[in-house]
Amino acid sequence: MRTALRLLPAGLIAVIALAGPLLAPSPIDAPVAAPYALPGPGVPLGADELGRNVLSRVLAGGRELLLTSLVVACLVTVAAALLGTAAALRPALGRIVERVADVMILLPAVLAVLLVVLSWQGGGRVALVTAAVAVGLPYAIRVVCAAAAPIAGSGYVEAAVAGGERLPQLVWREVLPNLRATLLILLGLRFVAAVYVVTTAAFLELGPQPPAADWALMVRENAPGILLNPWAVVVPSLAIGVLALSVQTAAEVLAPRSGRQVVARL
Amino acid sequence: MELTRRRILATGGGLGVGLLLAACGSGPRRAAAGDGPATGPPRRGGTLRVGAVGKASAVNRDPHGVQVNDSDYLILALAHDPLTVPGHRPNVVPRLAARWESDDLRRWRFTLAEGATFHDGTPVTGADVAWSLRRLRATPAGATRLPGIDAGGIKADGRNAVILTSDYPNSEVPLLARLTTFTLKEDTTDVTRAPGTGPFRLESFRDGNARLVRNDAWYGGEPPLDAIEVRMFESPQAMTSALLTGQIDLASNVGPVAARTAEGRDGVQVIRRPHDMAMPIVMRTADGPFADERVRLALRLAVDREAMVRQVLSGYGTVANDVLGTADPAYATGLTQRARDLARAGRLLDEAGFDRRGTYELFTTEDVPGLAESATLFATQMRDAGVNVKVVKQESAVFWDRTWLKAPLYTTYWGTNDSVVFFAGKTMQSGTAHNEAAWKDEEFDRAYRKAVGATRGTGRATALRELQRVEYESSGYLLWGMADGIDLAAAGVGGLPKLPGYGRVQLERSWLSA
Amino acid sequence: MAERLTAARGPAAPPAWRAGQSSASGPSASGPSASGPSASGPSASGPSASGPSPSGFSASRPLSLLLRGAAALAQRAVLLAVLLVAVFAAMEFLPGDAARSSLDRGASAAAVAARRVELGLDQPLWNRLLRWMAGLPTGDLGVTSRGEQVAEVIGRHFPGTLLLGGLAFAVTMVAALALAVVAALRPSSALDRAISGTSTVVAALPEFVVASVLVLLFALWADLLPAVTVTAAGGGPASAAMLVLPVLSLAVPQIGWNARVARAALADECTAPHVEAAVLDGLPPRRVLLRHVLPGSLPTIAAGAATSVGMLLGGAVVVETIFNYPGVGSVLAGAVRDRDTPLVAGVVMVTSVAILAVLLAADLVRGWASVRRP
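Chains as they are written, first to last, in this note's numbering: chain A, 1 to 266; chain B, 1001 to 1514; chain C, 2001 to 2374.
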C-alpha cells in the first residue's frame, strides 16, 4: 500500500505529461485572453506571454521533456551496462573509461551541453540527446563497472573465462543478468539527471523552439510577466520539480533491496 | 537587444510626437496623473541612475565601432555629440553642427556650434570633425553609414566647418549625419579615454557600467543633473525589477510587459514613445515561394494586425499598413488600411497556385522584445489561411550571418522610423546592398531618385506619395504594426526624452526633483 | 524488519542526479565494504580515481604523499590539456565565425576576409591551438575577437563568479553538514526523515526552477530581497543583499545533494569498529559524532563537495543570467554566441582549474585521513 502511494506521483505526472496534449482545453498556440491575464473563466491558470492558455500549455509541455529524458536515460543505462561490464572484465578498457571520466569532470555539464548543441548546427533534439548522453555516460559506466567488478572476480565468471567464452558472451550471459537491480536504480538516477540537462538546455533556449509548449521554455518565456501572472512561471517550475522527484522515488521503491544496497555502496 | 546593427546603418530616429499620440488611441491609458513626471521648473543637481540593456560579452567602447548594447550607445551619446540628432519637427535638429546648407544637394557644408569644446577645454575644429568622419567611413560598414560619401569627399572647411560631398544629389545627408557621427580629437589613438564634446564627461567606466558628470562648459547650455550613472542589465525584466525596487531612477526601453507591470503602481511613471520600433516580416521577392506578388498580398491579408498589436505588444503599439517610416511627416495616410480578409487571401493563394501542403520556415531571433513572439503568433494566424508556417528561432549571430538578406521568410526590425526615404534608400531601392527582400522595381527606383534629388516641395511630396504606393502594393514587407518605446521612471524625474528610436538617449535636459 | 534496518542505516544512496555528480563519490567509498578497488576493474573511489586511492596512502610517509600529490597534479594538467583541445575543436564546428560576428551587420566579404586574417582565423586549427597553448604558461590567454586580452576580460568577470560560487559553496557545505549531523544524531526520527526527504526533493531541482520560485517568494511577493543585481562602481554587487538570492539558487540543490552524501557517509562510519567502541565506552552521542564519526567520513564528504564545484560553476551560467549578476557566465554565453574561441577556451580553462583545485584538495583530505587512521 505504501509502495503504491509512493509510486502515485510518478504515475500521475507521467500520465499528465503523456496524455496531457489530449486533455488540453484549448489549442496550445491560440491566444484566448490578454497576455499574462490572471486566472479566470476558461483559463484556470491564466494566460502566457501571448495570451495563450497556460493550463493547455502545461498539459502539453511535459511530453517531449519526459520522452527525451527517458531516451537519454535508457541510452546511458544500456551503454553503461555494456561498457561498464566490459570494463570490469577488461582492465585496459576500464582505464580508458577512467581517463575520459577524469576529463569530463573538469567540464561542468551545462558548459558541455552549451558547446555541443551550439556546435551542431541544425542538430535539434539529436544534438541535445547526444550531449546529455555524453556528459552522463562516463559516470554511469563507473557505477556499473564497480558493481560488476565483484561479479567479474567471482568463481563462475572466472570459470567461464577459462572456458574460452568471448567478451560479448561474458558480458551478456554471465555478468549482466546479475546487475538487474543496479541497472534499474541507475535508470532512475539517469532519468533525473537527464531531466536536469534537458530542462536547463531548454531554459537556455537550446531545446524546443516556439510555439512548442515546454515546461522549461515556459519558465523562460513567461518570466518577464511573473508579476502579472505568476502561475505561468510557477506551475511549469513545480511540474519539473515533481517529475524529477517522483521518478526518483519510484526508482527507489521499485528496485529490489539488493539493488538498493549495491548502488548505496557506490 | 542588438540595436546597434540597426543603429549603425540607421542614422535616424525622430518623429512627430503630436501626430503620433493622436494616432494611437487604442493602447492602454497613460500613467495616472498622480504618477506623472515631476512638475515645476527644472531643479539643478542630483545623480540620475539609468538602466539600459547590454550584454557583458558585447561591450564596445569605440564611438565608431559596433555598439551592440543599448547601454554602450547611451554612454557614448552622453559623452560625445553627433553632428545632428533626431528631433520632433523637423526630424533632424542641430547638435555639434549648428547649421548646414547645400546648393546642389551634393556638396553639404556643416558649420560647428559656437563655443564647442572638448572636455579638456580645447576647441573643436573642422579638422577634428573631418578626421572623425573619415574614421567612421573607414569602419567595415562605413559605406552603409555614409552612403555615397567616400573618404575623399570629407574635408575640413576653415576652423569651424566641414564639407561632405555626395556622389549623387541626396537631400537626406543631414539625416544620415544623425547618431553615429561622434567627434574625437584629430589623431586620437585611445578612443576609450578620448575626451568627448557632449553634455556629460565620462568619469569612470567598468564592465559596461559608467558614471558621467556634468560638462559645465557644454555649448548647448549647462545640463541640470550633476551626474548620470549608467547601469547595464542583461534583460529588460531585470531592469524593470531594479526600477520597481528603487535601485535605478530610469529604465530605458523596457518593453510592454514592464509597462503593464508598472501601470498603476505608485511612484512610477510610464513613458510611451510611439512608433519606436518596426518589426516587419520580410518575404523574399526575387525567388522562392513568395516571389508571386499575389502570395505576398495574401499573407498581408491573412495577418490579423489588431490581434498582433494586442497580443504581442500588449496593446502598446499601433496597427501599420506595410509601409515603413510611419513617423515621417510625409507618411502616406491616404492608403487604405489593410485588414484581415481570409476569403480574399484564399482566392489569391489559389490564383497563384500556392502549395498549401508545404511547410514554410519563418526565421527569427530574440534581439528585441516581442520579435520572436510576433513570429510565433504570425505562424498561428497563417494556419487560418491554410499556410503552414514553422518558426525557427536562431542565435543572433547565425541569424545575421545566414538568414538576413537571404531567407525566403524572416523577421527583421528597425529602430529608426521617422523617414520613408531612409528605408527606401537603405532597404528597397534596387541598388542597395541591404535589400532585405531582394526587391527590384523600376517604378519604385524612379520615385526614389526623384524624391532624394528634389528639394523640399511639391515635386518631392508627389515622388514620396508615389514611392509609398508602390511599396504598399508590391514590396516584400509585411509591416503589421509599430511598437511603442517604453521607459519607466521614478516619480521625481522630469524632462525625460519623448522621441522614439535613438532619441531616447537625450538626457541633457532631464532633472530630479528634491 | 528489513525496512527498519535500512532506515537506521540512513537514506539509501545519494543519487547521482546530475551528469556531473558521480554516484561513485557516494557514501561507502571509504567504508569497510568497499575498502579497495577491485583488481579487475577501475576503482570506485570517486572522481579522484586517477589519483592515489585511499588505501594506497595508509603506509606512506609525508614525502611520498607529496610526490604522489605532484604526480596527481601533473596527471590532471594533462587531462586539462586534452579538454582544451576538445573545446577548441568543438568551437571549430560552430556555425558562423568570430570575424563576421565582430563586424557590423552587412559588412562586405572583403572586410570579413580581412578580419579573418587579422584574427588569425585563416590559420589551420592546430596552429591556432598551439599558439594559444604556448602563451598559457605566461598567463597570455590570447585575444578575443573584439581585440581585448582574454586574461583581462576573465580577470574582470571571474572574481564575481568566484564570489558567487565561493559563497554558494561555503553555504552548501555548512548547511549540508549541519543537516547531516542533526539527522545522524537522531537516526530514523521524524526529523531525520524530513531532512532526507527534503534534500531529495531540492537536489533534483534545476537552478532556474529554484531561482524563479525564490524570486517570486522573497523579491516580488514579500519584497524582502532585491530580485536583480546592480553593479557598483567597483564592479561587484552594489549591496550584500543582492547576493542572497543568487547564492541560494545555486546552493539549494547542492545542499540537498551534499546533505544526502554526508548523511549516508556518517551512517556508514557509525558501523566502524572504533565508533562502536566509543559508543560502548559510553561517550555522549554528540562527542562520538564529532570526534569519531565525522573525521572518518570526511573523504567521502570531500569527494561529494568536489563534484558540487562543477555543478556550481555550471549553474552560475544560468543563475547569473537570471539575476543580472556580473560574472563570467554572461560572458561565456555571449562568447559562444559570437564564436569567440579564445574567450570560450579561456573561460573553460579557468573553470576547469577551479574544479581541479577542489579535486586536489579532496585528494589531500583523503590522503590526510588515511595517513591519520590506521
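The hints are simulated quantities; they were obtained by calculation from the structure and are not laboratory data.
Misleading hints may appear alongside valid ones.
[Said to hold, decoys possible] Distance ranges between label pairs, derived from CB positions: (1) C:Gln2075 / B:Val1191: 58 to 68 Å; (2) B:Asp1187 / C:Leu2067: 51 to 61 Å; (3) C:Glu2118 / B:Glu1443: 36 to 46 Å.
[Stated by the list, open to error] Derived coverage of chain B by chain C (criterion: at least 3 residues anywhere in the stretch with Cβ under 8 Å from a Cβ of chain C; other residues may be distant): (4) 1053-1059; (5) 1343-1356.
[Said to hold, decoys possible] Capping the alpha-carbon separation at 20 Å, the derived lysine to any residue pairs in SDA-like fashion look like this: (6) B:Lys1393 / A:Ser119; (7) B:Lys1406 / A:Gly122; (8) B:Lys1393 / A:Gly155; (9) B:Lys1390 / A:Ile28; (10) B:Lys1393 / A:Ala127; (11) B:Lys1390 / A:Gly123.
Here a beta-carbon is modelled for each residue, glycine too, at the ideal position from N, C-alpha and C.
Out of the numbered hints, which ones does the structure contradict? Failing hints, ascending: 1, 5 and 8.
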